[in-house]
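Produce the entire structure from the sequences given, and follow the hints as far as they go.
Under our numbering, the first residue of the sequence shown carries the number 22, and numbering increases by one thereafter.
Just so you know, nobody snuck in bad clues.
Straight-line alpha carbon distances no greater than 30 Å define the calculated DSS-like cross-link-like pairs of lysine-lysine that follow:
no., residue 1, residue 2
1, 34, 276
2, 276, 366
3, 299, 34
4, 276, 299
5, 34, 194
6, 366, 108
7, 194, 299
FYI, nobody ran anything at the bench for these hints, they're computed from the structure.
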Amino acid sequence: MTVRRVLPVASGKGGVGKSTFATNFALALSRVAPTVLVDLDPGTSSIRNTIDAPVERDLYHFFRRGEPLSRCLTTLPHRLDPHGLFKGFAFVAAPRHAMEEFTNLDEAHRAHLISAINALPATYVVLDLRAGLDANVLDFMPHSNSGILVFTPNPPSATLAAADIVKALLFRKLRLVFAPDGVLGRSGATGPQLATINALLDRVEDTYDESITNLDAFLVDLAHAFGDTPLLRTLAEIVDSFTVYFVLNLFDGVKESFEGAVAPFLTCLQRDISAHIKTYNLGWVVASPDVHRANCERIPLVLQAGREAAGEPERDPITAQLDELEISLGLAPRAKAKPAQAPLKDFLLSVDPHRALAEQLEILTAMHRSTAAMHARDNFAYIVRRALHLLSTAAPDQFGQRRLLTPQELVETLLATDRSLTPAVGGGAGAAPLP
Numbered sequence: 022m023t024v025r026r027v028l029p030v031a032s033g034k035g036g037v038g039k040s041t042f043a044t045n046f047a048l049a050l051s052r053v054a055p056t057v058l059v060d061l062d063p064g065t066s067s068i069r070n071t072i073d074a075p076v077e078r079d080l081y082h083f084f085r086r087g088e089p090l091s092r093c094l095t096t097l098p099h100r101l102d103p104h105g106l107f108k109g110f111a112f113v114a115a116p117r118h119a120m121e122e123f124t125n126l127d128e129a130h131r132a133h134l135i136s137a138i139n140a141l142p143a144t145y146v147v148l149d150l151r152a153g154l155d156a157n158v159l160d161f162m163p164h165s166n167s168g169i170l171v172f173t174p175n176p177p178s179a180t181l182a183a184a185d186i187v188k189a190l191l192f193r194k195l196r197l198v199f200a201p202d203g204v205l206g207r208s209g210a211t212g213p214q215l216a217t218i219n220a221l222l223d224r225v226e227d228t229y230d231e232s233i234t235n236l237d238a239f240l241v242d243l244a245h246a247f248g249d250t251p252l253l254r255t256l257a258e259i260v261d262s263f264t265v266y267f268v269l270n271l272f273d274g275v276k277e278s279f280e281g282a283v284a285p286f287l288t289c290l291q292r293d294i295s296a297h298i299k300t301y302n303l304g305w306v307v308a309s310p311d312v313h314r315a316n317c318e319r320i321p322l323v324l325q326a327g328r329e330a331a332g333e334p335e336r337d338p339i340t341a342q343l344d345e346l347e348i349s350l351g352l353a354p355r356a357k358a359k360p361a362q363a364p365l366k367d368f369l370l371s372v373d374p375h376r377a378l379a380e381q382l383e384i385l386t387a388m389h390r391s392t393a394a395m396h397a398r399d400n401f402a403y404i405v406r407r408a409l410h411l412l413s414t415a416a417p418d419q420f421g422q423r424r425l426l427t428p429q430e431l432v433e434t435l436l437a438t439d440r441s442l443t444p445a446v447g448g449g450a451g452a453a454p455l456p
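Below, the structure written as structure tokens:
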């Protein structure tokens, strides 16, 4: 049975193609099950500008006019999807113009929107989050994984900003665990104990304080304070189980992209956060003029027709007539007819979630066989199969999440699931008491 999943797409920096990726990814997912894309970047209304579809109701109507979010769904017009291949897709647009109350949602507005997103009639909900890092991003992110991070080989700041999101997510969870009214506070930990732990967290989070470089060093210091207790093992599990999923956009070659983006990203995670965090590359999107052209036309690349047969590029009519004239006058030999080539397979026209793993290899083989087949459409076809395989095999909270949680619900969830913290607050056998 398919489990409902909310999949946020984030980037620490703008201009890396996050909205383009979120749009095409959601469209590809809709070939399998009903999918809703929600534009949570109200300052730019990116999705509205990416899809040329008339929007009758958007987030303005949800917040100001009291319309249910399910009535603010926009589907694709017939001219964009004449064969109904993407009839399972819909999107929620941001307001047409930037408005302060929507650009910077307060806690009550965020909670209202979270509840409405959880009630959307869709198997998959893809959230296009705003660039950067604030409550309007963190409150819509999972607590045990990164969602999908998008960054590019250039500029380097985009890579570091993506790593900052991972750090912020982990620290948000740890702060909730160690808050006075958080999991440990409700389980009986004393004020001095929590103060000591939060002081250590402050030093880890402070990039100018090199005494505790990352969460691994933080756990070592906690071991000195607590001893080997269930608390320490649970906290280590929080870090070890956190999974980072990323997509490299504007891919410009294996060596260049690895050295310019992937290696710095992984180095930053290991150096500044933890060497135990798991990372998962969902795929890449090649730097292609087709992507830019699709954005300018407001017809997402995934919606556009598959490629024609591989071969020589089509000549314009005038050039073709001149060539034919030269041949008829004997000034140029007539080229030998080339054997007909089978059209390149369009992997987006048929997506079988039960063959997602096997089809990954088929797409990789097609992209490797010829540079002519290295098309961005294949990249999205590959990424969606990677995602579908995870959606069917990973635990629901390990890739995206089943539903969004308000900060208060997150505390309650941590309290319910991390009961092993309770017996540890007083220290274990041989543990040194906290001051």
